[in-house]
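*Asks:* Starting from the given sequences, assemble the full structure and let the hints guide the process.
2 protein chains.
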Amino acid sequence: MQRYKSIISYDGSGFSGYQVQPKKRTVQSELEAVLAKMHKGEPIKVSASGRTDAGVHAKGQVIHFDSDLPISEDKWEIALNSLLPEDIAVLSVIKVDSSFHARFDAKGKEYHYVLQLSNKRDPFQRHFAYQYSYELNVEAMKEASLSLIGTHDFTSFCSARTDVEDRIRTIEKIDFLQEGEFLTLRFVGNGFLYNMVRILTGTLLEVGNGKRMPVEMAEILAKKDRRFAGKTAPAQGLYLWKVFY
Amino acid sequence: MQRYKSIISYDGSGFSGYQVQPKKRTVQSELEAVLAKMHKGEPIKVSASGRTDAGVHAKGQVIHFDSDLPISEDKWEIALNSLLPEDIAVLSVIKVDSSFHARFDAKGKEYHYVLQLSNKRDPFQRHFAYQYSYELNVEAMKEASLSLIGTHDFTSFCSARTDVEDRIRTIEKIDFLQEGEFLTLRFVGNGFLYNMVRILTGTLLEVGNGKRMPVEMAEILAKKDRRFAGKTAPAQGLYLWKVFY
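From first to last, the protein sequence lines are chains A and B.
With the numbering used here applied, the first sequence closes on residue 458, and no number is skipped along the way.
With the numbering used here applied, the second sequence closes on residue 458, and no number is skipped along the way.
Hints are computed from structural coordinates only; laboratory data are not their basis.
One thing to keep in mind: the hints can contain errors.
Calculated cross-link-like contacts (lysine-lysine; reagent style BS3-like; alpha-carbon spacing at most 30 Å) [what the hints assert, rightly or not]:
| hint | chain 1 | residue 1 | chain 2 | residue 2 |
| --- | --- | --- | --- | --- |
| 1 | B | LYS308 | A | LYS237 |
| 2 | B | LYS333 | A | LYS272 |
| 3 | A | LYS333 | B | LYS355 |
| 4 | B | LYS236 | A | LYS237 |
| 5 | B | LYS386 | A | LYS333 |
| 6 | A | LYS455 | B | LYS333 |
| 7 | A | LYS258 | B | LYS333 |
| 8 | B | LYS272 | A | LYS236 |
| 9 | A | LYS308 | B | LYS236 |
| 10 | A | LYS272 | B | LYS308 |
| 11 | B | LYS333 | A | LYS386 |
| 12 | B | LYS237 | B | LYS258 |
| 13 | B | LYS272 | A | LYS237 |
| 14 | B | LYS308 | A | LYS333 |
*Replies:* This is the structure we're talking about:
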């Protein structure tokens, strides 16, 4: 038996998220269906670095699976891409030690949240960015983001529906990249709680539009209560960009 | 009765083209359904600058229609956008003289054909660019394109299924824009025949990959026979960018 690590990308718009759910089209179920087909019906379990929600995209999700098929790394990539639907792409497949685990070995992650600052409706970006048509004070957002850098209890910025008990995470950096009408918020950290990037973004937007002051971010963190943070920004702007090992 | 000119944009991936067809989802049928709803069921005919095929996009398609509803230009834009599906956007609506005709008054058009030069599958561009994974000699393509500039009989670059008898058109310019892994071919001319931009692009690609010499373009034009030109490039790379009046 050989373990494989694979980097995949997907357009999340057509999926009910990453994880298998009964009767839903998910990324994991498509991957497992293709692997089962390659293994004559034998079920092959795919493990990912973490889930993504419905509508959330991935540019560099990482998965692992085991197989005893005698296929080279390059051929794995070609075989999987030829069988997978067009909204999932396998970017690489490499052999790894059987101790490797896509989720437990992840040391950090990078997420991008893409905002389209425009008041003109754009049919081409509706699944790929969050269109924001109000004025934004990006300098105020940058100032607010500084309070988030470092190691904190992020309970306030985590969906109340989470089961995870340890809500302490470290955010290494939050960058703001402006390119034309697109503003991308780049988050790098050792791990992110359920909905954390979307709630951070939604709260930073409330600073940007003047509803909140930059200084409030530290206060919200200290409350350790989801109700004090801002709205959860919509799924379609979010990309799991990279997983670090 | 007032005539309105409107600039619209649409993501062509979900449509069986622009023009009404029985039992198919088309851009025109969506527009006419919304206008009929606004006029209490009265059918309102929409005329466009020209058709686009299934999968072909528009950034600046132009339409006209007549209405006696007492609505301001701005309110028309808001009302139409609120009723139209998300893959069509109305960018502007202005009052025009009743003699204006979106098709007959068009003086020229600009089309873009977007190529993604990459051998990595990209789930995000599958509907929005033609992925081309072979080496391309762009200089040879530019040289070949020079033979196309000016007034010519474009029968060789027109679908054999066309009814149009006059195949003489003027191409004002063909530009090549490279940005990262994207190469965009920009065509400006007084009019384009059925499939003309896609056949021109497909033939230029055959020059770019060395299958043909640049000098062959003039020979193909002279043949006035579709069979001598190259393949029709796929629909998803094509954008009707602008219509000139």
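*Asks:* Can you name, in rising order, the numbers of the hints this structure does not satisfy?
*Replies:* 1, 3, 8, 9, 10 and 13
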